[in-house]
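Residue numbers (the numbering used here), protein chains in the order written: chain A, 1 to 165; chain B, 1001 to 1575.
Hints were generated in silico from the structure; no laboratory data involved. Just to be clear, a hint being listed does not mean it is correct.
To be verified - In silico negatives: residues of chain A with every beta carbon more than 10 Å from chain B:
hint: 1; residue: S17
hint: 2; residue: K62
hint: 3; residue: Q63
hint: 4; residue: E101
To be verified - Here are the computed lysine-lysine pairs in the DSS-like style, where the Cα-Cα straight-line distance is at most 25 Å:
hint: 5; chain 1: B; residue 1: K1443; chain 2: A; residue 2: K66
hint: 6; chain 1: A; residue 1: K66; chain 2: B; residue 2: K1236
hint: 7; chain 1: A; residue 1: K55; chain 2: B; residue 2: K1443
hint: 8; chain 1: B; residue 1: K1236; chain 2: B; residue 2: K1200
hint: 9; chain 1: A; residue 1: K55; chain 2: B; residue 2: K1196
hint: 10; chain 1: B; residue 1: K1443; chain 2: B; residue 2: K1022
hint: 11; chain 1: B; residue 1: K1314; chain 2: A; residue 2: K55
hint: 12; chain 1: B; residue 1: K1022; chain 2: A; residue 2: K66
Beta carbons: idealized from backbone N, C-alpha and C, even for Gly.
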Amino acid sequence: MRHILAILLENEPGALSRIVGLFSQRAFNIESLTVAPTDDNSLSRVTIATIGDDKVLEQIIKQVNKLVDVIKISELADRKHVERELLLVKVTAMSDKSRTEVKRITDIFRGSVIDIGKQVYTIELTGSNDKLNAFIDTLNNETEIIESARSGCVGMARGEKALRV
Amino acid sequence: MTTELFTGAEMVVKALSALKVKYIFGYPGGSVLDLYDAIFQQSEIEHILVRHEQAATHMADGYTRSTGEVGVVLATSGPGATNCVTGIATAYMDSIPMVVLAGQVPTTLIGNDAFQETDIVGCTRPIIKHSFNCRDLAEIPNIIAKAFYIANTGRPGPVVVELPKDLLIPQNKAPFNIETIVKMRSYNPNIKGHPKQIRKAAKTISEAKKLVIYSGGGIVLADASALLTKLVETLKAPITNTLMGLGGISGLHDNFIGMLGMHGSLEANKTMANADVILALGARFDDRVTNNVERFCPNATIIHVDIDPTSISKTINAHIPVVGLVDIVIQQLLDELSETNYSPDEESLKDWWQQIHIWRDMSSVSYKQVEGEKIKPQRVIETMYRITNGEAYVASDVGQHQMFAAQYYPFAKPRQWINSGGAGTMGFGLPAAMGVKLAFPDKHVICITGDGSIQMNIQELSTCKQYNLPVVIITLNNRSLGMVRQWQDMVYGGRHSSSYMESLPDFTKVAEAYGHVGIKIDTLDELDSKLEEAFSIKNKLVFVDVLVDEKEHVYPMHIRQGGIDDMWISKGVKG
């Protein structure tokens, strides 16, 4: 089962490597990982998407919590939450037909073309993991994907619930 | 007013003094020479020069296990620091607090593959509780204070502090500020057990018909021995100890049913397998305890008390988890039992003990010594127990001798038994014994070892000479790697692949070459007198080389993949 872990930790050198190291040391899976400082610059927030059964998830949460730099950890996928991921994708857009089609698909998915070259479009799309996958599949049927970059997901609990110090 | 300024090297020493450190175990080298210069110019802290950095870590470890005080290791960058890795892993696996100060090349050179540069923080990341890269001179004192706090609270463990050379040199100075009472927003270990869980646990205990207490190293680390004994006597229940927990309750206590696990007693393992409630205190259901987890004690309700939540339900699901310091939780349990007017159910206790006595009468921990034949290793342990009145500190290496010592030397007190249980580090015994002897110069300190293990840190005989550490080394010499050989006999069709120790030295001569006394024992009739002689020599290290029967196996032993009580109790005989 897929889980999303939001982790609040000290913005210290090496703190991220402890988390990554822990996942490989204990043979936990990382599907995606994002990290950046929060509005409070002394804190970083890491979001990890992972796969595992309940027993594995329990161990992951406990093991991450045990790291001295970690302040809080919360699992998001089990309850109401919002999640977003950013996709940048560069596709071939040579003929008028293919340009129109790519633009149309992008509009339908509520993405935007953010750069164009002589023969390429670069598209930005934000959404859930599922939505991004669907967009890529659709593009693949229409044109050739030259490169793509995904941020990995970030998320938050819905409503008043918050992960903060 | 001018503020006094200090070099980083001076700050390290001042910080260690402020934390009441008495000894540093270490070895100098290029990047820590400034620190060694600062150590030279003071007298509060004594530096113990080992002959290999691994031994420094084990010596600090032995010192800590016997005293409870945090051991401090100092090594230079690169190979000095990497030589500490095995010792750090050993401490980590057994939750031993330790602070390792590792030199590093100057910050300007970090990442350049400079001479003697190793990313020691990176190397040790999976085997430490925490680590620090110092990058600012002024932070050194508080980093060291934090290192001690983290190492010695919660579930204890080793902490590495990396000190780049440019932070230590005389040219750079800063004011000295230290807060010895540490507060960290990200680290607040849970201390008290949750009251609801305590109530649940107490209720389950009072309803149990076949209760067993299974206690581990956590009891020793938390100095919870007296409280544990009180709990055992309140519940009148049987108690078994893990290898790490020996001495947590006296090995001579009526309720003690021996060690459990792979080489535990049959009665301990049978009691576990048939219990309806298992109260696990500071133990972690290690694979050497459980045998096949799928078949582990299927009928028991498990109450698991541990300071580390990750230990709970990691291998065996706990029905009633209690996170907290084990001494505090035991007190909470005792209070709860007394508030609910607990009294043991004498009738079911009688039945339970009757059953346990039947298992005990099978005398699973036993051996046969025939006069005139080779000395049995078990006999050596029993003899050293008798001569030392069971009061010696016993530091063990790893192998058959370790198991024989655990089985045949009942420890009356915690911290008497010093061994590498989790990591199983050969070479641990001698330096650990040295650390104990340093702390307790007037006590008998034994290093029980084998002809394989002793050679993994034998160079420390030189350190023993320098600092006058007259430990008694007892080598159960079977001319082979006994435990490896035993497995090869039992599992690999008797093919002794690389388990012989060919071209062994004459250990007594090695000892003499280092300035110590060597005694060789090769027949049974001289065992008593020569061991007595060895223990009568007080001011010199004695190396006793005992030639024992190389064919002896350690029994009882788990049958692989079986339940906890599926055991061989002697060659080809199932219990």
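For this session: Of all the hints given earlier, name the ones this structure violates by number, lowest first.
Result: 1, 2, 3, 5, 6, 7 and 12
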